[in-house]
Amino acid sequence: MTELINFVYLLSAVLFMLGLMKLSSPATARLGNKLSMAGMALAITATLLNPEISSFKMIIIGIAVGTVIGAVAAIRVKMTSMPEMVALFNGCGGAASALVALAEFQSAGSSFSSFNMVTLILSVIVGSLTFTGSVIAFGKLQGLVPSRPVCYPGQQVVNALILLAVAVLGVVVYQDPANLLFFYGIIGISLLLGVLAVIPIGGADMPVIISLLNSYSGVAVAMTGFALANNALIVVGSLVGASGLFLTKIMCDAMNRSLANVLFGAFGSGDSAGGGEEVAGGSGGSVKGYELEDVATVLENAGSLIVVPGYGMAAAQAQHVVRELCDYLEEQGVEVRYAIHPVAGRMPGHMNVLLAEADVSYDLLFAMEDINDDFSDTDAVLVIGANDVVNPAAKTNSSSPIFGMPILNVDEARTVIVLKRSMNPGFAGIENELFLKDNTMMLFGDAKKSVRDLLSALKE
Amino acid sequence: MDGSIVIGLYIFVLALFAGAVLISNVPPTLHTPLMSASNAISGIAILGALVVAGESLTVEAHSVVGLLAVVFATINVVGGYMVTDRMLQMFKKKKH
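Here the protein sequences come in this chain order: A and B.
Under this note's numbering, the first residue of the first sequence is numbered -18, with each subsequent residue one higher.
Under this note's numbering, the first residue of the second sequence is numbered 270, with each subsequent residue one higher.
Calculated from the structure, these hints are not laboratory results.
Keep in mind that the hints are not guaranteed to be accurate.
[As the list claims (entries may be wrong)] Output of the computed footprint for chain A on chain B, the stretches with three or more beta carbons under 8 Å from beta carbons of chain A:
id	segment
1	294 to 300
2	308 to 320
3	327 to 340
No experiment lies behind these values; they were computed from the predicted model shown.
Just so it is clear, CB atoms sit at the ideal spot from N, CA and C, and this is done for glycine as well.
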């Protein structure tokens, strides 16, 4: 029977890999996800054949409760809240790994070999801190926990001491596996560590943290796999760990920051709602606010348009009217494309999902490196709710905190139209000299209303 | 170290490489679904959870912990796959 189960696990692993492979194109991705689901269904069915299972009561209750919660959450969640949702699911994954390790320890603690013991302890540590870290990340994105970095003197020393305490307890448990109390101690301190590691990180950096926690949940599963000698868990843990790390690196590169800087730098005010309402440029030059008609005239006469959406667009729920505006312009013969910066949303690829939800065809969505050379040959750029990712200071001002960050070269276009609610600085709290340039037209107001008014002005 | 540990390590390392290659082929436009899909499969911990939840006939401390593990892992698996599917069905190509 064990051989059969292991063979089915191999089939599942193949299906998971095929699923990831099909994610290489939006045309096949949905099929890929179904293959992956089939792999999971197979693996679960095979596991239920395990002769060690003698009672199905807990299993049925657990699956029923989990299915209802998971399904309701997945159906009800708004696409703008996807980062929070992924963070929570991630936390569930971490918690599951840690709980499996705990239950194994309770039932068979002292009979584990030393290697299995080490992986079991690692699984419980990583799983627990993934759980609380994800919950805090969720809280920061939802505004339940202050989004700004929460710092206090000696913070890193405290965190280092806690890490040391976990390590010491780990060694103690390793040497005295019969003592459950120490094991609970590890869980408690790991849970605390997850909280303390994420609170000093600003809301703007949550995309990196969610990616990193995703990777941790993979590591936790792989460690559980080693402890249980379950190859399916090891394979999946590796895949997820690699995927999370890959996305973490993309996010860090897109902000030109190291992972260490994200984790310990306490970057930005994280206060996206910002205070000041004054419409004045910072250093020299002044911001020119334009009338709707001027902007409409520019769009009317443009042969090509690139839309640069930022999270502000989603916050204003403007993606649907933006698509309507673009549909209209396309009908008038304007070539319309969208340029998406890697950190445009609140998690990797978030903006693309929001635009797909608004029925924007995915072949119009371009990644930064694929479209950046085209701005200089474009008549008009429409920047909606984006700020730091179009700030030329990243290229020109070596004293700017975002210097060196790759940005969209919108300032090279003939005309740049910026829709902005007010002159508040962006997520990172930095001034933007793009707004002061001669070829920039600022249109202040709520993005949704501005776009709708633009559309009706064009239609007249 | 016995043989199964070494085999486990082989699997771990090789799967890391396979994962890195597969994932680098995913276009940026699908990075959110990628994350939620990989999230869903990380609920594979359910395999371990099912066994610990069901291995005792009577209700023991570890079977209650196992039950919790099944709940969390199921939320992860069901929620993760469903939300991924919801996102992927929105990605459409239209004629211009």
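Comparing the hints with the structure gives:
1. 294 to 300: holds (count 7)
2. 308 to 320: Result for this restraint: holds, n = 13.
3. 327 to 340: holds (count 13)
This entry satisfies every hint, going by the numbered hints stated previously.
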